[in-house]
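> In order, the protein sequence lines correspond to chains A and B. Its first residue numbered 1, the first sequence is counted upward by one per residue in the working numbering. Its first residue numbered 406, the second sequence is counted upward by one per residue in the working numbering.
Since the hints were derived computationally from the structure, they do not count as laboratory data. This structure is a prediction, so every number in the text was calculated from the model and none was measured. The reader is advised that the hints may include incorrect statements.
Pair by pair, the computed Cβ-Cβ distance ranges are [claimed, not checked]:
1. B:Glu483 <-> A:Ile40: 10 to 20 Å
2. A:Ser112 <-> B:Glu483: 47 to 57 Å
3. B:Phe436 <-> A:Met292: 49 to 59 Å
4. A:His63 <-> B:Val493: 29 to 39 Å
5. B:Gln412 <-> A:Lys64: 36 to 46 Å
6. A:Lys4 <-> B:Leu429: 49 to 59 Å
7. A:Gly93 <-> B:Val493: 52 to 62 Å
8. A:Asn323 <-> B:Val493: 40 to 50 Å
9. B:Thr489 <-> A:Tyr45: 17 to 27 Å
10. A:Tyr45 <-> B:Phe436: 42 to 52 Å
11. A:Phe90 <-> B:Val493: 50 to 60 Å
12. A:Tyr45 <-> B:Asn408: 14 to 24 Å
13. B:Gln412 <-> A:Gly76: 30 to 40 Å
14. B:Thr489 <-> A:Phe90: 39 to 49 Å
C-beta atoms are modelled at their ideal positions from N, C-alpha and C, and glycine is treated no differently.
Listed here are the chains, written in short residue letters.
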Amino acid sequence: MQHKILNYIKGNLTVKLISTNPERFFNICAKKGILIWNIINKGVYCHFNISIKDFMTLKDILHKTNSRVRILNKKGVPFFLYKNRKRKGFAIGGILFLMLLYCLSFFIWDISLEGNYSYSEGEIVDFLSENKITHGLLKGSIDCDAIEKSIRNKYFDVTWVCAEINGTRLIIHIKENFDSEVVQKETDPYDLVANKDAVITSIITRSGTPLVKAGTEVKENDILVTGAVDVYNEIGEIDHTNYVNADSDIYGQTIYEYQDTFTMDYIIKEYTGEEYKNYYSDLTKIKFLFKMNDNHYEKYDEISEDTHFKILRNYYLPIHFGNIQYKEYVEIEKKYTKEEAEQIANKKLELFLENLTKKGIQIIEKNVTIDVGEKYCKSYGTIDVIEQLGKVSTIDMNVEGPEEK
Amino acid sequence: MGNSKHQIKEQVAHVLNLPQDLVLGRAILSFIGRNEVYIENYTGIAEYNSNSLKIETKNGLINFKGKNLVVDYYTYDEMKIVGTIDEVKFE
């Protein structure tokens, strides 16, 4: 294949050889290092291919072997250029095209995001366009460091940002922090209080004084572990009180209320099979729509596909093209049967339990009743679980201060 | 004398495990099915038409018979023949 392309660039000839002894001619060619290929014997004469350069050196050999050649076909770039030497417009067009391509490569035509998880691409692209970083910007005017800094300042849970320009693309790599709750380090001493009503099942305290033990029933906002640690003197009296950050693993049994209702009637889309496509192409801001059909459907889905035109991997051009597909559908009203409704209710419950388990909550017991009615399917009940308790509540020193005195 | 010299060469090549194409000038034929054959170590083409092709080597002729035989390329060291090869004969 490579050989063929090279031959085309250099130019080659198909030649007809009229000779009494073609074998001798070929042997001499081979000895002299002249490459010939595609030798076909047609009986009286032979055909073969030869490069232009080698063809010029054939004269001696032809004379020696008493044979003649006639050119049948010319192929290759040199012949193509010679044939089109007078077509100035063509040449100018070609050069202009290359120049345009070169000029377009100075701009950014695509902004893409990698590694984003909770932020959508559109959100960040919108944020960038607020900061005047948009498509069509000169590559030289983009300050990658400034982009990185602005994203880091705007989004706190983005732990790492890297902006790079590759071809005509601006690629922004992002690493997000998946722990959505940022642990705030309190400097003031604090207690741990119950965040809901529960029965304590286990408590292991690392710092602070526990006020509850396993089996204790607590209400919401009751103090579980206090940050106040009393220090006793030799007689057994309180000498003074130290305040620390309470830290403890507290697990308690709590109750989750579960309630879910859905209607027995539902609507499904049924596609009629009627559909058509409109094509469009988009040049920066100008949109050309090739309308094949007018939309006359009452209810339809619109599916659009967009392709950004590019050369090579990273050389995007400001041209989009794509199609919009319209699919007609009719709405059909249906009703769940009793079994179906029960199944759906069970599935919803399972999903709810699964979400609890994912949060690290241990499920002990569930008492959920599914009630399938004429119009609605209700499921309700309670779920007993064991979960981690405790939230931070700072100690108000001013209130406790006077008591000490 | 010439024959015995050839025999010695052959034995030396055999004992020392030397490549026979280098020492004895034997041709190498590599067939790909019956439609393609690569030939190395020849001295020239003796006769060529579309039904038969005779290749000259140091140790005699190799005669290919077949249909639509075409020499795909022909250089000093290697040649490739395409077509339908029916028989190969060493003469």
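> Evaluate each hint against the coordinates.
These are the hints, each one checked on the structure:
1. B:Glu483 <-> A:Ile40: 10 to 20 Å: holds (19 Å)
2. A:Ser112 <-> B:Glu483: 47 to 57 Å: Check passed, 50 Å falls within 47 to 57 Å.
3. B:Phe436 <-> A:Met292: 49 to 59 Å: Given about 56 Å between the Cβ atoms, the range holds.
4. A:His63 <-> B:Val493: 29 to 39 Å: Given about 35 Å between the Cβ atoms, the range holds.
5. B:Gln412 <-> A:Lys64: 36 to 46 Å: holds (39 Å)
6. A:Lys4 <-> B:Leu429: 49 to 59 Å: Cβ of Lys4 (chain A) to Cβ of Leu429 (chain B): about 36 Å, so the range 49 to 59 Å is violated.
7. A:Gly93 <-> B:Val493: 52 to 62 Å: For Val493 (chain B) against Gly93 (chain A), whose Cβ atoms are near 55 Å apart, the range 52 to 62 Å holds.
8. A:Asn323 <-> B:Val493: 40 to 50 Å: violated (59 Å)
9. B:Thr489 <-> A:Tyr45: 17 to 27 Å: Cβ of Thr489 (chain B) to Cβ of Tyr45 (chain A): about 22 Å, so the range 17 to 27 Å holds.
10. A:Tyr45 <-> B:Phe436: 42 to 52 Å: violated (29 Å)
11. A:Phe90 <-> B:Val493: 50 to 60 Å: Holds, since Phe90 (chain A) and Val493 (chain B) (Cβ atoms, about 52 Å apart) stay within the stated range.
12. A:Tyr45 <-> B:Asn408: 14 to 24 Å: Because 42 Å falls outside the window, the suggested range is violated.
13. B:Gln412 <-> A:Gly76: 30 to 40 Å: violated (52 Å)
14. B:Thr489 <-> A:Phe90: 39 to 49 Å: The hinted range 39 to 49 Å holds for Thr489 (chain B) and Phe90 (chain A), with Cβ atoms some 45 Å apart.
In terms of the numbered hints stated before, the structure departs from hints 6, 8, 10, 12 and 13, listed from lowest to highest.
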